[in-house]
Every structure is written in structure tokens, then in C-alpha cells.
Amino acid sequence: GAGVSQSPSNKVTEKGKDVELRCDPISGHTALYWYRQSLGQGLEFLIYFQGNSAPDKSGLPSDRFSAERTGGSVSTLTIQRTQQEDSAVYLCASRPPGLATDTQYFGPGTRLTVL
Amino acid sequence: TQLLEQSPQFLSIQEGENLTVYCNSSSVFSSLQWYRQEPGEGPVLLVTVVTGGEVKKLKRLTFQFGDARKDSSLHITAAQPGDTGLYLCAGALAGNNRKLIWGLGTSLAVNP
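Protein sequence lines correspond, in order, to chains A and B. All residue numbers for the first sequence refer to the working numbering, where the first residue is 310 and numbers rise by one. All residue numbers for the second sequence refer to the working numbering, where the first residue is 958 and numbers rise by one.
Here chain A stands alone, though its shape is the one from the complex (with noise of 0.2 angstroms):
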């Protein structure tokens, strides 16, 4: 399809352990970010990556999450040392070049819990 696909849609894991969060932004978009959602709650930012730029990072909650985005296109989010806080739905939307639109565009999202 030519949405954004997120990988995989649902992790459990185990309280300590790593996970890495995959995201496959529609082709061509230049921005791409993260969000963590908790139950039937709005979206919490996480970063922001836009072309070439340094990535905005400013929402990252604690040293133990990570981004990269290799290529300009897929996306990595790593969470070390899970906690189970971290348990909730993270969001990766993509959104496509120029200033005519601020619209993005999300994936399903994956479901972390962390046990």
C-alpha cells in the first residue's frame, strides 16, 4: 500500500529488555515523527525528523530512547532498559514536502507492553 506502515503492530517484552520500533514512511515524504499515546489519550511527541536536518529530539521522555532515520526514509525508534511506563501505542506519521500542508499522515501504530 502507499500509507505509512509501522512494524511490528503489537510487542510485549519483558520489564529491562530492548525493543526497536520500525516505521516505513509513504514515499517521498521528507518529515517524519514519532508519538506515544497512552490509552484513549491525545498524542505525546517524541522527535521530529525533517530532510537532512538534525532531528528535533526535545520530546524525548529519558535517555533511553533513541531515534534514526537512515537514507531519508524508514525510521528506527529504540527504547532501552524498557520500563513499564513506556507501555502504550507508538504513533510514526509522515508528512510530504513544501509549506502548502501541514497535514500528516500516520501509521497503525504498535502497542508496546511491557510486563
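Each hint should be verified, as a subset may be incorrect.
Stated by the list, open to error - Under the rule of at most 30 angstroms between Cα atoms (straight-line distance), these lysine-lysine pairs were calculated in the BS3-like manner:
1) Lys-1056(B) with Lys-366(A)
2) Lys-366(A) with Lys-1027(B)
3) Lys-326(A) with Lys-366(A)
Unchecked claim - Across the chosen pairs, the derived CB separations fall in these ranges:
4) Glu-998(B) with Gln-392(A): 24 to 34 angstroms
5) Val-1007(B) with Pro-370(A): 26 to 36 angstroms
6) Lys-1014(B) with Gln-389(A): 42 to 52 angstroms
None of these hints come from the bench; they were simulated from the model. Here the structure is a predicted model, which means the values were calculated and not measured. We put the beta carbon where it would ideally sit given N, CA and C, even for glycine.
Place chain B on chain A using the hints.
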């Protein structure tokens, strides 16, 4: 600090009723968007409003942007069970690095 206040947080109504959801801020936005999210999916854009005082209609949904571009409302007429979902507003601040400011969402349940 929550820059975009959304209300109500929860709403449960009967089919056929009308409802209004509000987003308010002390900040001026260059544009404001409304998204709808269903369980297990990411948010999907419903509409973008750009001009102060703008009104947009999408079938039974009416969106309004405040004259000062600080607030917005979503009005649903004759709600249907298919309208059930989480409604999110998000504002774009002029001159920033294209991050949206998100409201906390309104969880709407329309009962048949």
C-alpha cells in the same frame, strides 16, 4: 503546559443528537486541523482550517476557526454510531519547525 485545551474529554450520546467539541488556546495558529482516530488505527485528517472565521462543512460535520485563530469547534449534526471515535485537534504555530500542537482528544461514543 497544555497549549491546546480540548473539551469535553468524553462524550456519550444517543444516535440523532447533536454535539459540539471545542479546542481553545491562548496561542495564535497559522492553521488548525481536526483528526479522527478509530481503535487500532492512527489518526486520519478530517479538515484543515486556515483563515480566521472560516467555516468548513463535511457532510454532517461543521468546523469553525475562530476569528483570532486561537480556537476552533467541531459540530456534528444528527450523530450516527459510525461517528464514534477519538477526535483530535492540532494547531500549527507560525514560524516553528512544523510541529503540531495537539489537544488531548475527545472520546465520542454514539449509542444506537
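May I ask which of the numbered hints given earlier this structure violates, with the numbers listed in increasing order? Every hint satisfied by this model.
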